[in-house]
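Required output: the full structure, derived from the provided sequences and hints.
2 protein chains.
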Amino acid sequence: MQFHLNGFHDGDPSLSEAAKGRSEFQGDIPGELDVLIIGSGPAGLTLAAQLASYPNISTRIVEQKSGPMKRGQADGISCRSMEMFNAFGFADQVMKEGYWVNETTFWSPDPEDKEKIVRIGRVQDVEDGLSEMPHIILNQARVHDMYLDIMHKSPSRLDVDYGLTMIDLKVDPQGGDYPVTVTLKHTEEEAEGSEKTVQARYVVGCDGARSAVRNAIGRELKGDYAYQAWGVMDVLAVTDFPDFRFKTIIKSANEGSILIIPREGGYLVRIYVELDQLKQRGESKDITLERVISASNNIFKPYSIDVKDVGWWSVYEVGHSITDKFDDVPDGQAADRLPHVFIAGDACHTHSAKAGQGMNVSMGDTFNLGWKLISVLNGKSAPELLHSYSNERQAVAQDLIDFDHRWARIMSAPPEEHDETNNESPLFQKHFIEHSRFTAGLSVKYRSSALTGKDTWQNLASGFEIGTRFHSAPVIRLGDAKRVHIGDTITADTRWHLYAFSGSKNPSGPDSQISKLCDYLEHDPNSPILKHNPKGDDVDSVISICGIFQQHHHKLDFESLPSLLKPLKGCFQIKDYEKIFCPDLKTGDDIFDMRGINREKGCIVTVRPDQYVAHILPLDAYDELAKFFSGFLLDKA
Amino acid sequence: MQFHLNGFHDGDPSLSEAAKGRSEFQGDIPGELDVLIIGSGPAGLTLAAQLASYPNISTRIVEQKSGPMKRGQADGISCRSMEMFNAFGFADQVMKEGYWVNETTFWSPDPEDKEKIVRIGRVQDVEDGLSEMPHIILNQARVHDMYLDIMHKSPSRLDVDYGLTMIDLKVDPQGGDYPVTVTLKHTEEEAEGSEKTVQARYVVGCDGARSAVRNAIGRELKGDYAYQAWGVMDVLAVTDFPDFRFKTIIKSANEGSILIIPREGGYLVRIYVELDQLKQRGESKDITLERVISASNNIFKPYSIDVKDVGWWSVYEVGHSITDKFDDVPDGQAADRLPHVFIAGDACHTHSAKAGQGMNVSMGDTFNLGWKLISVLNGKSAPELLHSYSNERQAVAQDLIDFDHRWARIMSAPPEEHDETNNESPLFQKHFIEHSRFTAGLSVKYRSSALTGKDTWQNLASGFEIGTRFHSAPVIRLGDAKRVHIGDTITADTRWHLYAFSGSKNPSGPDSQISKLCDYLEHDPNSPILKHNPKGDDVDSVISICGIFQQHHHKLDFESLPSLLKPLKGCFQIKDYEKIFCPDLKTGDDIFDMRGINREKGCIVTVRPDQYVAHILPLDAYDELAKFFSGFLLDKA
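Chains as they are written, first to last, in numbering that gives the first Met the number 0: chain A, 0 to 636; chain B, 0 to 636.
Hints were generated in silico from the structure; no laboratory data involved.
Remember, it's a predicted structure, so these values are computed and weren't measured experimentally.
Some clues are possibly wrong.
Copies of one chain are not kept apart here, so a pair can be met inside one copy or by any two copies together.
Straight-line Cα separation of at most 25 Å, PhoX-like style, residue types lysine-lysine; simulated pairs [to be verified]:
no.	residue 1	residue 2
1	K307	K565
2	K307	K115
3	K300	K195
4	K379	K69
5	K69	K19
6	K453	K600
7	K113	K95
8	K379	K530
And the structure:
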């Protein structure tokens, strides 16, 4: 955390000063808005938490419920979402409160007595080195609380407007600055039934599987259903089943399957129980809690479970669905028409609960959309950038639906008999490992586009695959010798990041490649920093550069390094000491080795505001670098 | 964190339900109190935060200032204090906000040109393995905020009563249940000057170096002064000195010394500057900020510092002082009289700022006192226990004063010339390393007493030295395979902890030593658990036992282990899965090796509520164990 740049301030450093005119009471929704978000689930809040940092952008988020969620149904937080939470600054809080999925265990019928289950395998849930973050289980409502806290502490003092539902939305592509007209209706108390019309530049529908926004722009969720009912319950229970606090997959011989997901706090456990094959949708609605518990006990044999308290339970039918486009621009009209309405999360794709994707993909949607909207509204990018949201995220959602299908088939396949004399691990354990990148949220790869460079120089940094998330690694910060994660340099703002990895030549002399690169970036009229950074703003406010050198941090002289790596910032022009890094040679976790950096040549790794690797270029590819940024950043006014 | 034991609860798990009759508005101070704390600095708040968990104990804390501290002068947080913060649950927040002291560097006059300084050494600030916690710099006011947050979220909803100063205190040893009479005076606004009398069972003076409580019980701070003025300033500055964000000690040839302590947030830096030798106390009061800055620049040569903004500055004179006893019982009367008034922190010992001890020792005082007061007030211990506070903490303070003297001499010794051809590290770097256990707060060793056993069986666990703080180590929790720190099992309550380390015999059979120990503890009429645990309370509410086994966690069957290690707790009698541990054999951090546990015999390590090792006993020393606890715990009513 960096703070006190413009002088010492009392109190909580995460509490920003309120912008002019903003206070705890945000008042009535104005008639004109830059961004209106419909729905305050994970997708809506991830977006609102980003926009809240920009009080110059007028944003509101409405929710038809009467107040914040108290207990959510989603609970799985992937490594990838944790990395994103880290950019928002609350990953540590989630790690503290949540259950850590450390190992997953697998149970099947005992070959000696098929009425009994036996453990046939166990596997580390997140393989070593996959992410610096763990896989966590935490009640969705707590994630909401953390986003709400960011919003409350932001300069905007943004809060959700509860008790408002959207009843109409119209887009007039020729409608000037505020082309979207939305009618909201109060659902609460004295104002109940009264309506309000808002004109917005952009509307984002995060309003769930029954999305009114999606319907209003004429899009449709298309999906398929497995005609399979599952029960789910959060229980306090006593059992002799030994893996009750492990993520566990149990397949019994004849009674169906169970998925155990231990919950936060050390006691509560979520159990998914396979119930009946259904003849038609909706048939599961009469299934009782007693039925779900007794089905569990049948599967658990020879163990049993004595349910003492049920926090929540439900029965659902497995299904997946997706919308073919995530904005309001009709197919084939992208060249002539700009998007003004977007849909995100369950509004455009739904997943089966057990693959643990729903909340994660939804948040990923609006983490993709947020920086784009802000860049456009702040005049840093042209509005054409916004087409990329649907392009990028629809493909991701489709991939995950395909994964979901595969995983559902694996879960519902008949149990295998485990042969103790055979050293092979059981098949569903193998499948589990194969799919671990999906479960961890790390299978996303954006295709080549204006935002994602070609892989011409991929071999300069083989461990930073273009289009995938920037895979952090530990480094030593030169300025204070702290071991940190290089990924911690990215916060949830709209900045782009250049990571300049040094080649083998003398790094600190004025002739070194990094010095020359910094010189170009700082002084050349064609430099993307000079071209795109608003005058008067800190030099790293649009594109931030960090240098990573190969030497031990005792062998590198801070003061001799290029000035762009230790820029003077803020009203007093104070030096930033947190942009220069060395490998951790003490532990041997050398980022150059870990991420396959070409030690002779070095390289520039360009990273998007949403933590995805955008491009890899040689240290002297100045023109390519400038051209890349010109593809989506406007020249400064 | 463990929660949801008695059913799922919405919201922040650290927010306790308010006890009956408690709310955000705690109302007027009642005429009778169990505990009255005078002063809301680190000592007072550390005590209040412990007492706040017990709404049955009536506690108030008064402060003469009008509101919470905004910017404090103390900033160094030792590893030991961080371990204590971990028991309170906010170490992670401090790690997130604070500056990490990673390396300390040493500068002396350049032998070639004595007008210039050169770096002559650097050293890792906290040696590997000394503590699982870092050495942190964070504004004292933020530590206050975190304690206040605990108090606000406690069942008591305790808050500080600001604007109240103590003007009189009298103790009548024969005065019945509430033998201390305190007169408080309002210092604020409409109530200014009005007085209030309170009768208290116990009063704790945490009211600083000018303590009115200390004066009222006739104790005196005795000390000595170095007649040396130092300047201190928190600055935003630009400099070419390369170690500006390292803890750095500079000794110039003729201009004096500097100590640099970088502050939280990445920009702010605290600089201590040696100024004049004084002829008499108080002589430094005319020294100006300009003088402090120009003295710095003289020492920094050939570097310079351009101060852009000063958050806070002061000039002080080095001194140390101590009181000979920390309670109101006159010397030699301990057998006949019980203590009712205590003093803590600066009220009974002051240190020089640069040794970084002040705030840490103060918090250590009341972390020692807190559990004792609570145990006595809750009827678990006889009030004689309270004599141990002064006995234990006065000795600690005296040790630290001695260290402080040594350290002050080292700091003010003339600079040495560093001979580059000599591989020896410079002398003050050597001294720094020698004293690192003091700086880290880890030099405290309580002497043998009712609370601290003899070292008869110390060799069974050589790494857990009796009387010193329980040195945590990583372990794998069997119930969910999470890598945790064994020390995380201790929270800031009044519980005692038994860590039963298994011997080499079959650990999980009913004949194993741990099984027999658990059987004794659970069923034998002489068991300290049966004798001291109130009926109806959870079995681990007074003495909690954890088992640590030598096997890989995959080789140990959870369900076969003794029931006392997986007790049923709470209103639903739910199993606790967080009391059984195995070594981390994957990383090789094996707690048995790290802490010198006798692998053949195993042992019981007994740990006090304040995280100090109380005793080490063989696994079958049932009588000794029972006798030890009978030394300070009452039989249950």
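Here is what the structure says about each hint:
For the identical chains of this complex, K307 and K565 are inter-copy neighbours only, at 17 Å across copies versus 59 Å inside a copy, given an alpha-carbon limit of 25 Å. For the identical chains of this complex, K307 and K115 are intra-copy neighbours only, at 24 Å inside a copy versus 74 Å across copies, given an alpha-carbon limit of 25 Å. For the homomeric pair K300 and K195, neither the shortest alpha-carbon distance inside one copy (58 Å) nor that between copies (68 Å) is at most 25 Å. Taking CA atoms no more than 25 Å apart as the test, K379 paired with K69 passes in neither setting, with 38 Å inside one copy and 38 Å between copies.
Only between protomers do K69 and K19 lie at most 25 Å apart by alpha-carbon distance; the minimum there is 23 Å, versus 32 Å within a single protomer. Taking the shortest alpha-carbon separations for K453 and K600, only the intra-copy value of 19 Å comes in at or below 25 Å, while the best inter-copy value is 63 Å. For the identical chains of this complex, K113 and K95 are neighbours neither inside a copy (40 Å) nor across copies (52 Å), given an alpha-carbon limit of 25 Å. In the homo-oligomer, the alpha carbons of K379 and K530 lie at most 25 Å apart inside one protomer (11 Å), although the nearest pairing across protomers, at 72 Å, exceeds that limit.
Of the hints listed earlier, those the structure fails to meet are numbers 3, 4 and 7, in rising order.
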